[in-house]
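Since chain G is already given, all that's left is putting chain H on it; use the hints.
As they're listed, the protein sequences go chains G and H.
Going by this note's numbering, the first residue of the first sequence is number 1, and it counts up by one from there.
Going by this note's numbering, the first residue of the second sequence is number 1, and it counts up by one from there.
Treat the hints loosely; a few may be bogus.
[Said to hold, decoys possible] No farther apart than 25 Å at their CA atoms in a straight line, the calculated lysine to aspartate or glutamate pairs in the DMTMM-like style are these:
id : chain 1 : residue 1 : chain 2 : residue 2
1  : G       : LYS273    : H       : ASP30
2  : H       : LYS56     : G       : GLU216
3  : G       : LYS124    : G       : ASP246
4  : G       : LYS56     : G       : GLU216
5  : G       : LYS273    : H       : ASP28
6  : G       : LYS273    : H       : GLU20
7  : G       : LYS146    : H       : GLU37
8  : G       : LYS138    : H       : GLU9
9  : G       : LYS273    : H       : GLU16
10 : H       : LYS56     : H       : GLU10
11 : H       : LYS56     : G       : GLU96
12 : H       : LYS56     : G       : ASP204
13 : G       : LYS104    : G       : ASP82
14 : G       : LYS273    : H       : ASP26
15 : G       : LYS56     : G       : GLU7
16 : G       : LYS146    : H       : GLU59
17 : G       : LYS146    : G       : ASP204
18 : H       : LYS34     : G       : ASP82
[To be verified] Covered stretches of chain G (in silico footprint by chain H; criterion: 3 or more residues with CB under 8 Å from a CB of chain H, positions within the stretch not fixed):
id : segment
19 : 166-173
20 : 193-206
21 : 284-291
22 : 294-300
[Stated by the list, open to error] Heads up, incomplete: computed chain G residues facing chain H, CB under 7 Å, no partners named:
id : residue
23 : LEU141
24 : PHE215
25 : LEU275
26 : VAL353
Simulated from the structure, these hints should not be mistaken for lab results.
Note that CB positions come from ideal geometry on N, CA and C, so glycine has one too.
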Amino acid sequence: VKVEAMEVDGRKVYSVAAFNEGVASWLARLPTLWVEGEVTELRRQDRWASVFFTLKDPENGACLAAQMPRGRFDALELGLGDGERVHVFGRPELYEQRGELRLKVLTIERFGVGAHLAALERLKQLLATEGLFAAERKRALPRFPKLIGLVTGNDAAAKRDVLTHITQRFPAANVLVAETYVQGPRAAAAIESAIGELCERGVDVLVLARGGGSFEDLLPFSDECVVRAVASAPVPVVSAVGHEQDTPLCDLAADVRASTPTHAARLVVPDVKELRAALERRREALHRAGRRTGERHVLRVTNAHERLRRAPLLALERKAARLATAHAHLGALSPLATLDRGYAIVRRGDDVVRAASEVDAGDAISVRVADGSFGAVVG
Amino acid sequence: VTAPTPSFEEAQRELEQIVERLERGDADVDELTKLWERGEELYRICSAKLEGVRGKIEELSRESGS
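This is chain G alone, in the form it adopts within the complex (with noise of 0.2 Å):
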């Protein structure tokens, strides 16, 4: 194509059409290619030839126009809803009359399942190198917390479920609520500014809990900023999402998962019932033990009474089992003993004779034996 230009005071002008035509040949030789974003602003109407939306970068939200012609559109059956990941093949081309940048859409694919689990297994192994993941992140939930976080869709089988149990389990229980999206294009966003605005008020513990789904109803529980926000969030964070087999990325990034709304009702406050049987039991405890140091107090008390009473007689028989040692000595120490085997005292009379110098013929002298005396006269 030649884009004619036009010669002004020695200056070359073009004209809008011009411009944009050129624009449009260079535009031209750029190869048609796939372009992957999420739909929205989808526009079709049955008198309209071509079919309109925008495609949006989930990232960092920008936008990209595209049109397809509405036979191919419709041959294709997609059903397409709004805020739908897709890939799109196409080239881009200039709508010379507005000078607007658009993408020429020959065909489009549904995002699938395939590429949704390479995209959530990517972003998983680059938090898991964060460490977003880890067992030492864990933090231990409140055993009797103050007022618990729930985020959960305005469905009401998941949240009545958490609701009843906690409060079946635990009457006591305080709990806000905070109702959000929980699929949808607008899910992640909102659970995001859920997990902020409950943690703001004071919550101590946080509960995200969502029933069963398809795996595409699950994903904005594997979203980045969601699973951002649950690892960051200040307080413990119970997940409960989807069914047990079921692992979006806030379950790994969550302080603990729980594989049902249940579940985590029955993790997150304690049971009255068991409350009440631990207080019994500590109770009987208290009595037990304080019966047993009181007994041990009478028992003691006892023993030193019966001791106390004992002591006068024991001393007595103490002392009478001296007085038979010593009577047992002196029995010893008596001449009767020595006299008992032969043995006799010669007096005249009152000094013992001791030597045979000390008496002379004819004295008169008086033995003593065992068992009496006699008289006698030296001879």
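Here is chain H on its own, set in the frame of chain G:
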């Protein structure tokens, strides 16, 4: 001086401590009586908290759409 009413958790913990203290069996008689009475008081506090208190469930009022 009356101490402020403890929370359920605090009361329960103190009750446990008293039981342990009594189970050691070294409390003298005056202390025994005091501990016992305090234990019973804590039991009543916990018990009342388990029975009476009803929490409240509140909806966070939010601007639509967010």
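Check your understanding: What are the numbers of the hints that this structure violates, sorted from low to high?
Key -> Violated: hints 1, 2, 5, 7, 11, 14, 15, 18, 23, 24 and 26.
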